[in-house]
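Undergrad: So the protein sequences, as listed, match chains A and B.
Quick note on my numbering: the first sequence kicks off at 2 and runs consecutively.
Quick note on my numbering: the second sequence kicks off at 2 and runs consecutively.
Please keep in mind that the hints were generated in silico from the structure rather than gathered at the bench.
Some hints here could point you the wrong way.
It does not matter which identical chain is meant; a pair holds if it fits inside one copy or across any two.
In silico DSS-like pairs for lysine-lysine, Cα to Cα no more than 25 Å straight-line [to be verified]:
(1) K56 to K29
(2) K297 to K128
(3) K115 to K304
(4) K115 to K76
(5) K56 to K134
(6) K29 to K115
(7) K134 to K115
(8) K115 to K56
(9) K128 to K115
(10) K304 to K56
(11) K128 to K304
(12) K76 to K128
(13) K76 to K134
(14) K115 to K297
(15) K76 to K304
There are 2 protein chains.
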Amino acid sequence: MAVYTDVSDEELAAFLEGYDIGGVLACKGIAEGVENSNFLLHTDAGYFILTLYEKRVDPADLPFFIELMRHLADKGISCPTPVAARDGRMLGRLAGRPAAIISFLDGMWVRRPKRDHCAALGAALAKFHLAGKDFALTRPNTLSVDSWRPLLADSIDQADTISAGLAAELTAELDHLEAHWPRDLPSGVIHADLFPDNVFFLGDRLSGLIDFYFACNDAFAYDVAICLNAWCFEPDMSFNVTKARALLNAYRAVRPFTQAEFDALPLLARGAALRFLLTRLHDWLRVPEGALVTPKDPLEYLKKLRVHQGVATATDYGLSE
Amino acid sequence: MAVYTDVSDEELAAFLEGYDIGGVLACKGIAEGVENSNFLLHTDAGYFILTLYEKRVDPADLPFFIELMRHLADKGISCPTPVAARDGRMLGRLAGRPAAIISFLDGMWVRRPKRDHCAALGAALAKFHLAGKDFALTRPNTLSVDSWRPLLADSIDQADTISAGLAAELTAELDHLEAHWPRDLPSGVIHADLFPDNVFFLGDRLSGLIDFYFACNDAFAYDVAICLNAWCFEPDMSFNVTKARALLNAYRAVRPFTQAEFDALPLLARGAALRFLLTRLHDWLRVPEGALVTPKDPLEYLKKLRVHQGVATATDYGLSE
Chain A
2 MAVYTDVSDE
12 ELAAFLEGYD
22 IGGVLACKGI
32 AEGVENSNFL
42 LHTDAGYFIL
52 TLYEKRVDPA
62 DLPFFIELMR
72 HLADKGISCP
82 TPVAARDGRM
92 LGRLAGRPAA
102 IISFLDGMWV
112 RRPKRDHCAA
122 LGAALAKFHL
132 AGKDFALTRP
142 NTLSVDSWRP
152 LLADSIDQAD
162 TISAGLAAEL
172 TAELDHLEAH
182 WPRDLPSGVI
192 HADLFPDNVF
202 FLGDRLSGLI
212 DFYFACNDAF
222 AYDVAICLNA
232 WCFEPDMSFN
242 VTKARALLNA
252 YRAVRPFTQA
262 EFDALPLLAR
272 GAALRFLLTR
282 LHDWLRVPEG
292 ALVTPKDPLE
302 YLKKLRVHQG
312 VATATDYGLS
322 E
Chain B
2 MAVYTDVSDE
12 ELAAFLEGYD
22 IGGVLACKGI
32 AEGVENSNFL
42 LHTDAGYFIL
52 TLYEKRVDPA
62 DLPFFIELMR
72 HLADKGISCP
82 TPVAARDGRM
92 LGRLAGRPAA
102 IISFLDGMWV
112 RRPKRDHCAA
122 LGAALAKFHL
132 AGKDFALTRP
142 NTLSVDSWRP
152 LLADSIDQAD
162 TISAGLAAEL
172 TAELDHLEAH
182 WPRDLPSGVI
192 HADLFPDNVF
202 FLGDRLSGLI
212 DFYFACNDAF
222 AYDVAICLNA
232 WCFEPDMSFN
242 VTKARALLNA
252 YRAVRPFTQA
262 EFDALPLLAR
272 GAALRFLLTR
282 LHDWLRVPEG
292 ALVTPKDPLE
302 YLKKLRVHQG
312 VATATDYGLS
322 E
């Protein structure tokens with residue numbers, strides 16, 4: 002969470018002249034999104050999110066993200082939707098950065114997801130996968146299996162300072178995943194970061210998905226595996242099969258799993274655990290002194306990884322074949 | 002700017018049950034206010050600011066701040082206004098902290114105030130002083146002249162690392178101010194921190210004043226002096242007499258200066274400069290390594306102080322006697 006860039010009243014007024022949403026009434030930096038500067042924007046036409054894309058986002062990726070949100074919204078997926086300027090473009094420039102105005106999506110993320118939240122998430126994820134099928138743009142998953150060896154190399158020297166034996170354990174796991182990673186599963190656009198804070202609810206109703214800035218093309222079932230890790234573990238890192246069953250059954254009621262996906266799920270869950278373990282390890286070892294943001298604990302994902310290492314088939318996730 | 006405390010969906014829903022503003026639709030941390038956690042709160046009744054008071058605010062001061070905003074709003078001053086809960090109270094508890102729901106005030110702060118902004122500010126400040134006259138609660142100014150000696154003592158050993166000779170210069174200035182500080186000027190509730198980022202405009206119209214968390218009882222003319230420093234210097238630290246004249250004349254058209262206030266203004270401006278110089282110096286010398294927030298430059302206020310040291314009478318600020 003951070004606001005990096007200050008937008009002046011004069012710059013913003015000039016920027017809004019390109020849009021059909023009236024004049025600015027208020028603009029407040031919001032503590033949402035780690036990679037970008039986000040503002041709550043109030044204009045004569047209502048409330049919006051103004052996003053300025055900071056250096057960590059590759060400008061070449063922006064059309065993929067922006068067009069994807071537009072595409073999903075057109076397909077009936079509830080998500081933040083870019084507002085087109087008068088010239089039809091959804092990406093402009095403000096304060097020297099690429100900028101977009103995006104619809105304000107109501108909802109709260111659920112701190113302690115229950116079974117029904119997991120079911121709603123499963124159905125929404127499947128609908129999202131189907132809705133993305135005819136999306137024209139593509140973006141490779143730069144954080145998939147091929148990136149894990151170099152990521153591990155960045156942290157391996159210090160890994161054992163976090164947990165004794167961690168370097169060897171991660172190396173063995175990566176050897177296994179590289180040797181067995183499935184390459185021909187049904188694929189398309191995946192969210193790739195659908196943690197609870199990226200899923201909004203109003204009461205018990207899922208009101209929308211947000212933050213598509215990790216979205217990419219990869220196996221649908223890998224996206225499911227990311228969600229299993231993010232939604233179905235209890236605070237003590239025990240796996241909640243009831244939640245997993247709800248998530249998976251709701252998913253396959255919308256988009257059935259192929260046999261190959263069913264068979265691959267435990268391995269994909271191990272891979273998804275390793276992916277977040279490695280990026281968290283990377284960030285953990287590079288926290289600036291005195292930083293206000295506490296990095297996420299990589300060992301949480303080590304515990305999740307070990308759970309999946311003990312899983313034989315997807316039936317252990319509560320899924321009947 | 003910071004959000005310190007996370008508020009869960011469940012806590013917030015329970016908190017809102019005490020109010021008559023419907024259920025929560027959205028709640029986003031906003032990057033506003035250094036001392037507190039602020040959230041944009043969307044409910045069925047509209048948009049609000051939810052403020053959680055963090056440790057740096059003395060809970061004993063909260064009734065003063067909250068009741069003051071209510072009092073000012075009742076007197077027609079445009080400012081954020083606390084929303085009363087069903088039991089009539091304007092202060093509750095949320096996430097273990099004192100909390101208030103406050104109206105959402107439209108407007109943008111002006112990065113480069115012009116003459117007319119300074120005039121609007123002067124008139125608004127005078128109206129604020131008049132509106133506070135019958136406010137029942139009081140709060141001493143803990144950052145006035147009596148606090149400056151201990152504040153200086155905290156930083157004096159390192160002051161010369163910021164600017165050669167600074168320790169001696171500040172000591173001499175403080176000796177002078179302590180010896181000549183006026184103690185019997187017209188007094189009442191002052192804002193004490195009315196920098197441009199605490200004054201909202203919609204176009205050229207002043208739409209409201211915000212951030213009353215330094216408000217206290219002190220000399221009205223000292224509040225004017227703080228504004229002279231905050232609004233009437235150019236980026237090169239030259240004093241803009243045109244802006245000062247506009248501010249002061251607009252002020253006295255609403256609330257005339259007494260002769261004693263007129264005479265004291267240059268000294269008060271020196272004091273106001275020293276006050277912000279000392280707190281900035283204190284923060285500057287104590288920046289945590291790697292902090293995301295850049296402290297404000299204390300030397301800006303040294304330059305302002307020196308300008309006022311060269312002022313003989315308030316006529317030098319463009320004011321006719």
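Undergrad: For every hint, state whether the structure bears it out.
TA: Each hint tested on the structure:
1. K56 to K29: Both. Shortest intra-copy (21 Å) and inter-copy (23 Å) distances satisfy the 25 Å Cα cut-off.
2. K297 to K128: neither (29 Å within a copy, 49 Å between copies)
3. K115 to K304: within (21 Å within a copy, 59 Å between copies)
4. K115 to K76: neither (28 Å within a copy, 48 Å between copies)
5. K56 to K134: neither (30 Å within a copy, 50 Å between copies)
6. K29 to K115: between (33 Å within a copy, 22 Å between copies)
7. K134 to K115: neither (29 Å within a copy, 54 Å between copies)
8. K115 to K56: Answer is neither; intra-copy 37 Å and inter-copy 33 Å both fail.
9. K128 to K115: For K128 and K115, the Cα distance is within 25 Å only inside one copy (20 Å; across copies 53 Å).
10. K304 to K56: neither (33 Å within a copy, 35 Å between copies)
11. K128 to K304: neither (30 Å within a copy, 62 Å between copies)
12. K76 to K128: within (10 Å within a copy, 54 Å between copies)
13. K76 to K134: within (11 Å within a copy, 59 Å between copies)
14. K115 to K297: So K115 and K297 pass the 25 Å test inside one copy only (22 Å; across, 46 Å).
15. K76 to K304: Neither. Shortest intra-copy (38 Å) and inter-copy (59 Å) distances fail the 25 Å Cα cut-off.
The structure fails hints 2, 4, 5, 7, 8, 10, 11, 15 (numbered hints given earlier, in ascending order).
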